[in-house]
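Going by the working numbering, the sequence shown opens with residue 1, and the numbers climb by one from there.
None of these hints come from the bench; they were simulated from the model.
None of the values given here were measured: they were computed from a predicted structure.
Hints may contain errors.
Claimed, not checked - Restraint ranges, calculated between C-beta atoms of paired labels, are given here:
1) 153 - 119: 21 to 29 Å
2) 164 - 95: 12 to 20 Å
3) 154 - 23: 32 to 40 Å
4) 131 - 161: 20 to 28 Å
As the list claims (entries may be wrong) - In silico lysine-lysine, DSSO-like type, Cα no more than 30 Å apart, as pairs:
5) 98 - 7
6) 163 - 152
7) 76 - 58
8) 152 - 125
9) 48 - 98
10) 117 - 76
11) 38 - 7
Glycine residues also receive a C-beta, built at the ideal position from the N, C-alpha and C atoms.
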Amino acid sequence: MTEKLFKKVMVANRGEITIRIFRACYDLDIRTVAIYSKEDTMSLFRTKADEAYLIGEKKSPLGAYLAIDEIIPLAKRRGVEAIHPGYGFLAENPAFAKACEDAGIKFIGPPSSVLAKMGDKLEAKKIAVSCGVPIVPGSTEPLGGADEALQKAEEFGFPVILKAAAGGGGRGMRL
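Given only the sequences and the hints, what does the whole structure look like? Please build it.
This is the structure we're talking about:
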């Protein structure tokens with residue numbers, strides 16, 4: 001059998017995705033660490049980890065899972081070698097990936113520099129074009145207003161999706 005990449009992995013997330021990651025770790029004989037908000041004290045994912053720690057006691061349920069200032073020190077104290085962000089929450093946050101890197105903890109995902117570039121959708125599109133990746137028609141520059149948006153829509157054809165340059169999860173998209 002090959003040597004394990006990690007002995008202990010934290011999942012900085014909750015719910016179903018956390019259980020899936022724990023199962024994969026279990027299959028690889030890797031110990032798991034869960035973090036949970038006080039609202040998730042009775043949640044199933046918490047019981048599936050080898051270790052589970054309450055975070056963000058004075059924060060909102062969402063705020064607890066975004067508490068980089070609590071997650072990284074906890075991971076260091078508990079001997080975590082890698083953190084898997086799951087999806088959502090901190091998964092595409094370059095500051096979180098950088099905090100992991102700076103703490104000597106492997107971020108299971110792209111490097112912080114890549115997350116920073118891909119987080120700006122206009123920059124990401126420019127990079128894709130420069131690499132010869134086929135893209136849908138659209139602008140690689142910010143639109144100046146409604147008149148310019150209408151002009152571009154007529155140029156590219158309908159339907160049109162407007163997307164914020166930053167953000168994730170499709171929340172900035174409008175049809």
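Comparing the hints with the structure gives:
1. 153 - 119: 21 to 29 Å: holds, 25 Å
2. 164 - 95: 12 to 20 Å: Distance hint for residue 164, residue 95 holds at roughly 18 Å.
3. 154 - 23: 32 to 40 Å: Violated, at about 50 Å.
4. 131 - 161: 20 to 28 Å: holds, 22 Å
5. 98 - 7: With Cα atoms ~21 Å apart, residue 98 and residue 7 stay inside 30 Å; holds.
6. 163 - 152: Roughly 13 Å between the alpha carbons, so the hint for residue 163 and residue 152 holds.
7. 76 - 58: holds, 21 Å
8. 152 - 125: Holds. Residue 152 to residue 125 sits at ~16 Å (cutoff 30 Å).
9. 48 - 98: Measuring from Cα to Cα gives roughly 28 Å; hence the hint holds.
10. 117 - 76: holds, 27 Å
11. 38 - 7: Holds. Residue 38 to residue 7 sits at ~27 Å (cutoff 30 Å).
Hint check: a violation occurs at hint 3 only; the rest are consistent with the structure.
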